[in-house]
Amino acid sequence: MDAIRAENLKRDYGDGKGVFDVSFSVPQGEAFGFLGPNGAGKTTVIRHLMGFIRPKGGKCAVCGMDCWEKRELVQGKVGYIPGEISFFDDMTGGEFLKFIGKYRKIGSLSKQKELIDRFELDTKSKIKKMSKGTKQKVGIVSAFMADPEVLILDEPTGGLDPLMQSRFIDLVNEEKSAGKTIFLSSHMFEEVERTCDRIGIIRRGHLVAVDSVHELRKRHIRTYSVQLDSQEEASSFARDFGGSADGCTVKVSSKPSLEEIFMNYYGGEYHD
Amino acid sequence: MINFTLFGREMKGSVKLLAVFAAVLTMYIACIIYLYDPETMEMLDSFTKAMPELMAAVGMTPGAASLLGFMISYLYGFIMLVIPMIFIIIRSISLVAKYVDRGSMVYLVSAPVKRSTIAITQVLSLICGIFILVLYGTVVEIVFAQALFPDQIVISELLSLNLGLFALHIFIGSVCFLCSCAFSDLKLASGFGAGIPILMYIFQMLANMGGSVENFKYLTFFTLFDPEGLVSNEPSALISALVLLIGSLILYAVSVAVFSKKDLHI
Chain A
1 MDAIRAENLK
11 RDYGDGKGVF
21 DVSFSVPQGE
31 AFGFLGPNGA
41 GKTTVIRHLM
51 GFIRPKGGKC
61 AVCGMDCWEK
71 RELVQGKVGY
81 IPGEISFFDD
91 MTGGEFLKFI
101 GKYRKIGSLS
111 KQKELIDRFE
121 LDTKSKIKKM
131 SKGTKQKVGI
141 VSAFMADPEV
151 LILDEPTGGL
161 DPLMQSRFID
171 LVNEEKSAGK
181 TIFLSSHMFE
191 EVERTCDRIG
201 IIRRGHLVAV
211 DSVHELRKRH
221 IRTYSVQLDS
231 QEEASSFARD
241 FGGSADGCTV
251 KVSSKPSLEE
261 IFMNYYGGEY
271 HD
Chain B
1 MINFTLFGRE
11 MKGSVKLLAV
21 FAAVLTMYIA
31 CIIYLYDPET
41 MEMLDSFTKA
51 MPELMAAVGM
61 TPGAASLLGF
71 MISYLYGFIM
81 LVIPMIFIII
91 RSISLVAKYV
101 DRGSMVYLVS
111 APVKRSTIAI
121 TQVLSLICGI
131 FILVLYGTVV
141 EIVFAQALFP
151 DQIVISELLS
161 LNLGLFALHI
171 FIGSVCFLCS
181 CAFSDLKLAS
191 GFGAGIPILM
201 YIFQMLANMG
211 GSVENFKYLT
221 FFTLFDPEGL
231 VSNEPSALIS
241 ALVLLIGSLI
251 LYAVSVAVFS
261 KKDLHI
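Chains as they are written, first to last, in the working numbering: chain A, 1 to 272; chain B, 1 to 266.
Certain hints may be false.
[Said to hold, decoys possible] Below, computed lysine-lysine pairings styled on BS3-like, alpha-carbon distance capped at 25 Å: (1) B:12 <-> A:98; (2) A:126 <-> A:113; (3) B:262 <-> A:59; (4) A:70 <-> A:59; (5) B:16 <-> B:98; (6) B:98 <-> B:261; (7) A:128 <-> A:176; (8) B:187 <-> A:98; (9) A:105 <-> B:12; (10) B:262 <-> B:98; (11) A:113 <-> A:128; (12) B:16 <-> A:56; (13) A:102 <-> B:114; (14) A:135 <-> B:217; (15) A:98 <-> A:132; (16) B:261 <-> A:10; (17) B:262 <-> A:77; (18) A:98 <-> B:98; (19) A:111 <-> A:176; (20) B:114 <-> A:56; (21) B:98 <-> A:59; (22) A:56 <-> B:12; (23) A:128 <-> B:16; (24) A:77 <-> B:12; (25) B:98 <-> A:102; (26) A:77 <-> A:10.
Calculated directly from the structure, the hints in this document are not laboratory data.
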């Protein structure tokens, strides 16, 4: 059974904004990366998955349950990090996590403790006075502490320093090997590349590509044959540029980062 | 049906505001009851005779012979209406619209808790706050009245008066709460949520001045609160209070439905 499924999801905000006929499915245990620039429709898709808004066309389901009709059952299975984090300002981080634990009726708090330690979260400071990164840590702990089957993460590493980002990537990978399904929206290529099995690229509300990271790379790899004057030159060229030498001929391949692949889809209109 | 964790948080959120408004009520109630004195009454009566429109606008009418009549004239035209009303406006806006506007509503609706449960919990915490404020006012009234003028008021009359007042405030609460649920923008929600009750109160003030503007009483729900009628157990006053209660039930039900069906762009 697919853990997450969207069929012809449609929501038109006018002016070309919104999402149009977005369909994809994420099988259980997979990490799915959802890439696109700001305003492409990532958060709109996620709002549908979370049951915050009703689809104007099409439908979506989590664990086989309709995201709008059965949203309180869906939310029991989902851990969520919102793209724009806002807590109750009057509380401290610890008070907020305690509140969410009780509000969701989470039995065991061992996972919460472990996560607080892992991200070195100071639970005693007021949320109002927290930096963006610290707030993000509170958001991460509150999404993972209920040990949900499905994780929907909307640009989850914003504000985190590189060390915490890599700890977060480790956490996502651990959850994935524990059989959790992960839906990770991002414009950070590295975290998607390091965690996800497949990637969907969204542009102006249209899903322009869904493929495995491997396939995406393969499709965009270009190979060149270069003729060198001598065999010595050829072997050092091959060493320097990661190619393979055959006599005076060297074959080199481009190793595009996800960013370059991404730019191919957007072309010169990246900043639209 | 209700989430006790959320209810606890909201009641805690009301405490500070309740304390402030309770203090204001205490001060006013104490002052007004202390002022009750046949001689001062003559003076106030002369005010109301000299400038009847102005005094009537804030609900002060001449000829309040008994202590309760005196309290109705000088407390139930302004203080007992406006102080709880401000509490209601502030709280109803923060119970829903503020969470939606700030985005922290995300954490309430992304949990396995039905939206209707969230809305009903918020309604209940609002009603509890109103109840505490009106109950506190009643106790203060009884304490000061009995301390300064023993056996001058009939408790059952005061209770039926304040039950009517409670019905009025529950209704004002339902109007504000509906605005809080219907508008996702904090400016619109607080504009309508505060604007409607304040406008209604201004209509009531105009209607009280009598003469050609008396017809404003048909435009305001404050007319359904009839203090003299409640004290003397007039059927029309009791029916009016019942209308307020039923009306508020309908508006609360509509609010819960609106909140459950609305798109939350958070």
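Right, here's what the structure says about each hint:
no.	hint	result
1	B:12 <-> A:98	holds (15 Å)
2	A:126 <-> A:113	holds (18 Å)
3	B:262 <-> A:59	holds (17 Å)
4	A:70 <-> A:59	holds (12 Å)
5	B:16 <-> B:98	holds (18 Å)
6	B:98 <-> B:261	holds (18 Å)
7	A:128 <-> A:176	violated (33 Å)
8	B:187 <-> A:98	violated (31 Å)
9	A:105 <-> B:12	holds (20 Å)
10	B:262 <-> B:98	holds (15 Å)
11	A:113 <-> A:128	holds (22 Å)
12	B:16 <-> A:56	violated (43 Å)
13	A:102 <-> B:114	holds (15 Å)
14	A:135 <-> B:217	violated (52 Å)
15	A:98 <-> A:132	holds (20 Å)
16	B:261 <-> A:10	holds (18 Å)
17	B:262 <-> A:77	holds (22 Å)
18	A:98 <-> B:98	holds (22 Å)
19	A:111 <-> A:176	holds (16 Å)
20	B:114 <-> A:56	holds (22 Å)
21	B:98 <-> A:59	violated (30 Å)
22	A:56 <-> B:12	violated (39 Å)
23	A:128 <-> B:16	holds (19 Å)
24	A:77 <-> B:12	violated (30 Å)
25	B:98 <-> A:102	holds (22 Å)
26	A:77 <-> A:10	holds (24 Å)
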